[in-house]
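So the sequence lines, in the order shown, correspond to chains A and B.
For the first sequence, position 45 matches number 45 in the working numbering, and the numbering has no gaps at all.
For the second sequence, position 277 matches number 1277 in the working numbering, and the numbering has no gaps at all.
In case anyone wonders, no lab produced these hints; they're calculated from the structure.
Among the hints, a few may not be true.
[To be verified] Calculated cross-link-like contacts (lysine-lysine; reagent style DSBU-like; alpha-carbon spacing at most 35 Å):
id, chain 1, residue 1, chain 2, residue 2
1, B, Lys1110, B, Lys1173
2, A, Lys207, B, Lys1110
3, B, Lys1157, B, Lys1025
4, B, Lys1173, A, Lys207
5, B, Lys1237, A, Lys207
6, B, Lys1331, B, Lys1237
7, B, Lys1158, A, Lys89
8, B, Lys1110, A, Lys45
9, B, Lys1129, B, Lys1152
10, A, Lys89, B, Lys1331
11, A, Lys116, B, Lys1173
12, A, Lys207, A, Lys44
13, B, Lys1025, A, Lys89
14, A, Lys29, B, Lys1321
15, B, Lys1237, A, Lys29
16, B, Lys1237, A, Lys51
17, B, Lys1331, A, Lys51
18, A, Lys136, B, Lys1331
19, B, Lys1321, A, Lys88
20, B, Lys1005, A, Lys51
21, B, Lys1110, A, Lys22
22, A, Lys33, B, Lys1321
23, B, Lys1110, A, Lys2
24, B, Lys1070, A, Lys89
25, A, Lys28, B, Lys1110
26, A, Lys45, B, Lys1025
27, B, Lys1331, A, Lys44
28, B, Lys1321, A, Lys45
29, A, Lys88, B, Lys1070
30, B, Lys1291, B, Lys1194
31, A, Lys44, B, Lys1229
32, A, Lys183, B, Lys1110
33, A, Lys44, B, Lys1025
34, B, Lys1070, B, Lys1157
35, B, Lys1110, A, Lys88
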Amino acid sequence: MKILYLDTSSSFLYSGVVINNKLEASIKKEFGKTLSIYTLTEIKKMFSSIKMSLNDIDKIIVVNGPGSFTGIRIAITIAKTIAWSLRKKISTISSLDAMALSTTGYDYIIPYIDAKRDYGYFGVYDKNNNTILPNKYIPLSFLKNYIKEIKNYIVVTNDNIDISNKINYDPDILNIVNHYALKENINAHLVNPNYLKLTEAEENNDKRN
Amino acid sequence: MIKVKDTYILGIESSCDETSCAIVKNGVEEIATVILSQIDIHANYGGVVPEIASRHHVQNITIVIEQCLKKANMEMAMIDAIAVTYGPGLVGSLLIGIEAAKTLSYVYNKPLIPVHHIAGHIYANNLEKPMCFPLLALVISGGHTDLIYMDKHLSFKKLGSTLDDAVGECYDKIARVLDLPYPGGPSIDQMAKKGENIYALPIPMNDNSYNFSFSGLKSAVINLVNNEKKHGKEINKDNIACSFQETVIATINKKVRNALANYPVNYFIIAGGVAANQGIRNNLQFLCKEKKINYNFPKLKYCTDNATMIAAAGYFLFQDKRFGDLTLNSKSTINLD
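Chain A with its partners taken away, still in its complex shape (with noise of 0.2 Å):
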């Protein structure tokens, strides 16, 4: 089986072609802003490099949050737009879910992502990738007292928080394809974002009512 796979859920491109059980081509590289600019772009050159064209692609498997909210709509437009047009198959995973999967030697494995104003989305994994708490955006403190009652944990992540034990994220693509390969497949239509959190209009509507 041949795998695309799309992240541009923080400030990086992470994108891989796996092709069965072999990692053929990936991209690691920081954009920032201009992640809008230069994704596709950098999907075409990657595909290039393996002389492959996009159409020989079996599936694709897209980060659909939680993270930057334009981030992840750059990946999420363009993975359902290519899975609709040439019908592929498409599945989507959680970004927590990929960082946590490609961290390993730890009993509990934290991933977080920094959502500004001292929060950020985080989940908690053992040392198998089984979930012991689900992502959930949750205040910075919290985390900083989950940690205080366990041992041999590390926290990944690329943002600059004030914490023990953490590490850079560094996606092994490899294995997060692997994982989800023969994850279900839904309709191009339908995927979307997981943002885990309502739009700051939608809060203070529902505090209002």
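Mind docking chain B on chain A? Use the hints.
Same frame as chain A, now just chain B:
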């Protein structure tokens, strides 16, 4: 006789709160249009919330493209190029249409055509019958109030513009003061027909320039409403709507006259969401008849945001080979000329 091949442009528009896809033949003939409007959603917030708009665009984008192709009974292989609005507008909203258009351009190896949103509104006037040059265009919408002179296709010379609020923005704010639902334009237009012009409001920028200003008029109406309330007087909303709309019409009429005096044209067109306003349409129709110039006012469905106009403008950019590439990005503000 050699038959010239027809050109089909697929247009995508997502600059504000409408996700739309359309197919237009030869820049004139609408083949199919699909619009998913979010107007009811944003009405809950009294205006467009950018993040909510972006969230709906991403949900709707492939659906509108598929529905449009189905409606046209066409396949992507039959499309000559993909046109997309790249600005001005809400950055996050624009991005959804742009990323989808770029992906389609890449997947099907079709030219990508970046279209300025206001050029799109102007080219809504080319649907059904071709525009004649030189022409004067009045663009009136929630984000724009511009007078534009065109001596040929794709040549836009901005004569004047609003110095503060756009006319549509002013309508929305007045509507809010009068407790009318969003968007305010249609309600005010309706109420103005029932009311009388009894409040003497100042005609803004009453000079010989081609520029507009609406913030002073907006403040004058708000002060008027507040004063009437303070003195315990009952407010006749119809009369306020009428006085306000008549003042807007007076200023627009004056500026169009100024432009027509110095830029003799054969053809006058209007464009943008506020171009749907019946009071403004009637007044400008009268003016064109008085000046004996030909005119075109777009059908109401082409006044509000739609992809049909983007595909229509895209046709002329296609003829001119003004293509974009996969690095195309959204521009929240960008000049037309």
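Verification of the supplied hints:
Only pairs whose Cα atoms come within 35 Å are accepted, and B/Lys1110 paired with B/Lys1173 is rejected, the gap being roughly 43 Å. Distance hint between A/Lys207 and B/Lys1110 is unfulfilled; the C-alpha atoms sit about 48 Å from each other, more than 35 Å. Distance restraint check for B/Lys1157 and B/Lys1025: the Cα-Cα separation of roughly 27 Å lies within the 35 Å cut-off, and the hinted pair is therefore satisfied. With a C-alpha separation of about 24 Å, the suggested pairing of B/Lys1173 with A/Lys207 holds against the 35 Å cut-off.
Simply put, B/Lys1237 and A/Lys207 have alpha-carbon atoms about 31 Å apart, close enough for the 35 Å limit, and the pair holds. Our distance criterion of 35 Å between C-alpha atoms is broken by B/Lys1331 and B/Lys1237, whose separation comes to about 38 Å. The suggested pairing of B/Lys1158 with A/Lys89 is violated, with an alpha-carbon distance near 48 Å, which exceeds 35 Å. Under the criterion of a C-alpha separation no larger than 35 Å, the hint pairing B/Lys1110 with A/Lys45 is consistent with the structure, at around 18 Å.
Taking the CA atoms of B/Lys1129 and B/Lys1152, the gap is about 16 Å. The hint holds against a cut of 35 Å. Between the alpha carbons of A/Lys89 and B/Lys1331 the distance comes to roughly 33 Å, so the proposed pair stays at or under 35 Å and holds. Between A/Lys116 and B/Lys1173 the alpha-carbon distance is near 32 Å, which keeps this suggested pair within the 35 Å criterion. Annotation: proposed proximity of A/Lys207 to A/Lys44 is violated, straight-line Cα distance about 45 Å (limit 35 Å).
The suggested pairing of B/Lys1025 with A/Lys89 holds, with an alpha-carbon distance near 33 Å, which does not exceed 35 Å. Restraint check: the Cα-Cα separation between A/Lys29 and B/Lys1321 comes to about 33 Å, which is no more than 35 Å; the hinted pair holds. Among the hinted pairs, B/Lys1237 with A/Lys29 is inconsistent with the structure: their alpha-carbon atoms are about 58 Å apart, more than 35 Å. Of the supplied pair hints, the one linking B/Lys1237 and A/Lys51 is violated, its CA atoms being roughly 68 Å apart against a limit of 35 Å.
Note on B/Lys1331 and A/Lys51: the hinted pairing holds, with a Cα-Cα distance of about 34 Å set against a maximum of 35 Å. With a CA separation close to 33 Å, the supplied pair A/Lys136 and B/Lys1331 stays within the 35 Å bound. Among the hinted pairs, B/Lys1321 with A/Lys88 is consistent with the structure: their alpha-carbon atoms are about 32 Å apart, no more than 35 Å. About 34 Å separates the Cα atoms of B/Lys1005 and A/Lys51, which keeps this hinted pair within 35 Å; it holds.
Of the supplied pair hints, the one linking B/Lys1110 and A/Lys22 holds, its CA atoms being roughly 32 Å apart against a limit of 35 Å. Between A/Lys33 and B/Lys1321 the alpha-carbon distance is near 29 Å, which keeps this suggested pair within the 35 Å criterion. Between B/Lys1110 and A/Lys2 the CA atoms are separated by roughly 25 Å; this keeps the pair inside 35 Å, and the hint holds. This hinted pair checks out: B/Lys1070 and A/Lys89 have alpha carbons roughly 21 Å apart, not beyond 35 Å.
Proposed proximity of A/Lys28 and B/Lys1110 is supported: the alpha carbons are some 28 Å apart, at most 35 Å. As the CA atoms of A/Lys45 and B/Lys1025 are separated by approximately 33 Å, the hinted pair is consistent with the 35 Å bound. Restraint check for B/Lys1331 and A/Lys44: the C-alpha separation of about 23 Å stays at or below 35 Å, so the hint holds. For the hint pairing B/Lys1321 with A/Lys45, the CA-to-CA distance comes to about 24 Å; that is within 35 Å, so the pair holds.
The straight-line distance between the Cα atoms of A/Lys88 and B/Lys1070 is roughly 19 Å, inside the 35 Å bound, and the hint therefore holds. Under the criterion of a C-alpha separation no larger than 35 Å, the hint pairing B/Lys1291 with B/Lys1194 is consistent with the structure, at around 29 Å. Simply put, A/Lys44 and B/Lys1229 have alpha-carbon atoms about 63 Å apart, too far for the 35 Å limit, and the pair is violated. Between the alpha carbons of A/Lys183 and B/Lys1110 the distance comes to roughly 32 Å, so the proposed pair stays at or under 35 Å and holds.
Proximity of A/Lys44 to B/Lys1025 is assessed by CA-CA distance (about 30 Å); at most 35 Å being required, the pair is judged to hold. The hinted pair formed by B/Lys1070 and B/Lys1157 fails the criterion: a straight-line CA distance of about 38 Å is larger than 35 Å. For a cut-off of 35 Å, the pair hint linking B/Lys1110 to A/Lys88 stands: about 20 Å separates their Cα positions.
Checked against the numbered hints listed earlier, the structure breaks hints 1, 2, 6, 7, 12, 15, 16, 31 and 34; every other hint is satisfied.
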